[in-house]
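Protein chains: 2
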Amino acid sequence: MNFCNQCGEKVTLKIPQGDNMPRYVCGSCATIHYENPKIVAGCIPEWEDKVLLCKRAIEPRYGLWTLPAGFMENRESTTQAAMREAMEEAKADVEITSLYTVFNLIHINQVYMLFRSRLQNLDFGAGEESLEVALFEEKDIPWDQLAFPVVEQTLRYFFKDRAAGQFQARMGDFQDRQTLLSVSLLDALHTPE
Amino acid sequence: MNFCNQCGEKVTLKIPQGDNMPRYVCGSCATIHYENPKIVAGCIPEWEDKVLLCKRAIEPRYGLWTLPAGFMENRESTTQAAMREAMEEAKADVEITSLYTVFNLIHINQVYMLFRSRLQNLDFGAGEESLEVALFEEKDIPWDQLAFPVVEQTLRYFFKDRAAGQFQARMGDFQDRQTLLSVSLLDALHTPE
Numbered sequence: 001m002n003f004c005n006q007c008g009e010k011v012t013l014k015i016p017q018g019d020n021m022p023r024y025v026c027g028s029c030a031t032i033h034y035e036n037p038k039i040v041a042g043c044i045p046e047w048e049d050k051v052l053l054c055k056r057a058i059e060p061r062y063g064l065w066t067l068p069a070g071f072m073e074n075r076e077s078t079t080q081a082a083m084r085e086a087m088e089e090a091k092a093d094v095e096i097t098s099l100y101t102v103f104n105l106i107h108i109n110q111v112y113m114l115f116r117s118r119l120q121n122l123d124f125g126a127g128e129e130s131l132e133v134a135l136f137e138e139k140d141i142p143w144d145q146l147a148f149p150v151v152e153q154t155l156r157y158f159f160k161d162r163a164a165g166q167f168q169a170r171m172g173d174f175q176d177r178q179t180l181l182s183v184s185l186l187d188a189l190h191t192p193e
Numbered sequence: 001m002n003f004c005n006q007c008g009e010k011v012t013l014k015i016p017q018g019d020n021m022p023r024y025v026c027g028s029c030a031t032i033h034y035e036n037p038k039i040v041a042g043c044i045p046e047w048e049d050k051v052l053l054c055k056r057a058i059e060p061r062y063g064l065w066t067l068p069a070g071f072m073e074n075r076e077s078t079t080q081a082a083m084r085e086a087m088e089e090a091k092a093d094v095e096i097t098s099l100y101t102v103f104n105l106i107h108i109n110q111v112y113m114l115f116r117s118r119l120q121n122l123d124f125g126a127g128e129e130s131l132e133v134a135l136f137e138e139k140d141i142p143w144d145q146l147a148f149p150v151v152e153q154t155l156r157y158f159f160k161d162r163a164a165g166q167f168q169a170r171m172g173d174f175q176d177r178q179t180l181l182s183v184s185l186l187d188a189l190h191t192p193e
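The listed protein sequences derive, respectively, from chains A and B. Following my numbering, the numbering of the first sequence begins with 1 at its first residue and continues without gaps. Following my numbering, the numbering of the second sequence begins with 1 at its first residue and continues without gaps.
Hint data in this document are derived by calculation from the structure and do not stem from the laboratory. Some clues are possibly wrong.
Any copy, or any two copies together, can satisfy a pair, since identical chains are not distinguished.
As the list claims (entries may be wrong) - Cross-link-like lysine-lysine pairs, in silico, DSS-like; alpha carbons within 27 Å at most:
(1) Lys50 - Lys91
(2) Lys91 - Lys14
(3) Lys10 - Lys50
(4) Lys38 - Lys10
(5) Lys38 - Lys14
(6) Lys139 - Lys14
(7) Lys55 - Lys139
(8) Lys160 - Lys50
(9) Lys10 - Lys55
(10) Lys160 - Lys139
(11) Lys50 - Lys14
(12) Lys55 - Lys91
(13) Lys91 - Lys139
(14) Lys14 - Lys160
(15) Lys139 - Lys50
(16) Lys160 - Lys55
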C-alpha cells in the first residue's frame with residue numbers, strides 16, 4: 001500500500017496512538033488503513049458415496065483438483081458464500097448441512113470455512129474457473145493432484161469420519177503451505193486434561 | 001474508496017471482465033480493489049458459575065457491557081485473536097475450549113466467531129478500551145445494558161445450554177442490527193427433513 005484510498009496522498013507505516021501494531025496511516029487526512037484476514041468459504045458436495053471436485057482453470061494451481069471454494073463477499077453469509085461458489089465453479093446446486101473444517105492459514109491471512117453439503121441434482125458442469133467437474137468415490141480421489149493442503153486435509157477427515165460412522169467438525173492452523181500446526185475438534189479445542 | 005492505494009490515481013466502480021459484481025478498479029494501473037467481510041473474534045471467559053464482561057470505554061456503545069471481542073488481525077489464528085482480545089480488553093488470561101457461536105452480520109459485513117473459554121486466574125482488570133471488567137452470575141447479567149445483539153444472543157444460548165447440561169454450537173445470520181434471520185446448530189445447519 002502506497003497511497004490513501006480516501007484522499008490520494010501518501011501513506012506511511014506507523015503505530016497509531018493507542019494501538020500496538022504498525023498500520024498504513026495517511027499523512028494528509030490521518031485515515032488508518034487496517035488490513036485483516038479474509039474468509040474463504042467452500043463445501044464438500046456429496047452425492048451418494050461420491051464427492052464433487054473441480055479441476056482448476058485458473059492460477060494458482062491451474063489443472064489441479066479442488067473443492068468449490070472462494071473468497072466470501074460483502075453482503076452475504078458464510079453459507080451463502082459456500083453455495084454461491086459451488087454454483088459458480090461447478091454449476092452445482094447444494095444444500096449446506098453443517099460446518100465441517102475451519103482452517104487458519106496464518107501465513108497468507110486466510111480463514112477457510114468448509115461445509116458439508118448435499119448435491120441437489122446431477123445438473124452440474126464446469127463453471128468459468130473450472131476445466132472439468134466430476135464426482136469421485138474415495139478410491140478414485142486424485143490425492144497427488146489436489147490443489148491445496150486444506151482441501152486434502154478436509155477430504156482425509158471426511159472419508160475417515162465416514163468410515164467411522166460419525167462426522168466431527170475440526171479447527172486447525174497451518175503455519176505455512178504444508179505445515180499443519182494443530183487440529184482439534186471444534187467442540188473441544190483445548191488439549192484434553 | 002476514491003483513489004488507488006497502489007498508484008494514487010482515481011478509481012471507478014465497475015464490473016471487471018469475468019466478474020459479476022462491481023469493484024473499485026484503478027483507471028491507471030488496472031488494480032482491482034476487492035472488499036471482503038472481516039472476522040470479529042471473541043470469547044466467553046468462564047469462572048465457576050460466572051462469566052466475565054467488559055464495560056466499553058469506546059464508541060460505539062460506550063458504557064454498555066460486552067464480551068471481549070474485536071477484529072482478527074493478520075498473522076494470527078481465530079483462537080489467538082480471541083485470546084488477545086481477552087487480554088487487551090480485560091487483562092484476562094483465557095484458555096479457549098470450543099467454538100460456540102458464529103454469526104453473520106450481513107448488514108455490516110462482519111462474521112463473529114465467539115468461543116467458550118476458561119479464565120485461568122482472577123488477575124483481570126480494565127484494559128484501555130474498557131471502563132470496568134467484572135464477573136457476573138446469570139441472575140446479575142445486565143441484560144438491558146448489553147452493547148450488541150450478538151453478545152446478548154450468545155449469552156442467552158450459553159445459560160440455556162448450561163441449564164440443559166449440554167452445550168451446542170450455533171450459527172446464525174443477522175440481517176440488520178436487531179433481526180436474527182435464522183439460527184441452526186453448527187453440526188446440523190439444514191432444516192430437519
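The hints, checked one at a time:
1. In the homo-oligomer, the alpha carbons of Lys50 and Lys91 lie at most 27 Å apart inside one protomer (17 Å), although the nearest pairing across protomers, at 49 Å, exceeds that limit.
2. For a Cα distance limit of 27 Å, the shortest separation of Lys91 from Lys14 across copies, 25 Å, qualifies, whereas the shortest one inside one copy, 45 Å, does not.
3. Taking the shortest Cα distances, Lys10 and Lys50 never come within 27 Å of each other, neither inside one copy (53 Å) nor across copies (49 Å).
4. In this assembly of identical chains, the alpha carbons of Lys38 and Lys10 lie at most 27 Å apart whether taken from the same copy (25 Å) or from different copies (25 Å).
5. Proximity of Lys38 to Lys14 under the C-alpha cut-off of 27 Å is found in both arrangements, the shortest distances being 23 Å within a copy and 22 Å between copies.
6. Taking the closest pair of Cα atoms, Lys139 and Lys14 never come within 27 Å of each other, the shortest separation being 53 Å inside a single copy and 45 Å across copies.
7. In this assembly of identical chains, the alpha carbons of Lys55 and Lys139 lie at most 27 Å apart only when taken from the same copy (18 Å versus 55 Å across copies).
8. Proximity of Lys160 and Lys50 under a CA criterion of 27 Å is satisfied intra-copy only: 14 Å inside one chain copy versus 38 Å between copies.
9. Neither within a single protomer nor between protomers do Lys10 and Lys55 lie at most 27 Å apart by alpha-carbon distance, with minima of 42 Å and 37 Å respectively.
10. For the identical chains of this complex, Lys160 and Lys139 are intra-copy neighbours only, at 13 Å inside a copy versus 44 Å across copies, given an alpha-carbon limit of 27 Å.
11. Proximity of Lys50 and Lys14 under a CA criterion of 27 Å is satisfied in neither setting, with 51 Å inside one chain copy and 39 Å between copies.
12. In the homo-oligomer, the alpha carbons of Lys55 and Lys91 lie at most 27 Å apart inside one protomer (13 Å), although the nearest pairing across protomers, at 48 Å, exceeds that limit.
13. Taking identical chains as interchangeable, the C-alpha atoms of Lys91 and Lys139 lie at most 27 Å apart only when both belong to the same chain, with a minimum of 24 Å there against 51 Å between chains.
14. Taking the closest pair of Cα atoms, Lys14 and Lys160 never come within 27 Å of each other, the shortest separation being 48 Å inside a single copy and 45 Å across copies.
15. In the homo-oligomer, the alpha carbons of Lys139 and Lys50 lie at most 27 Å apart inside one protomer (10 Å), although the nearest pairing across protomers, at 50 Å, exceeds that limit.
16. Within a single copy, Lys160 and Lys55 get their C-alpha atoms as close as 23 Å, which meets the 27 Å cut-off; across copies the closest is 45 Å, which misses it.
Of the hints listed earlier, those the structure fails to meet are numbers 3, 6, 9, 11 and 14, in rising order.
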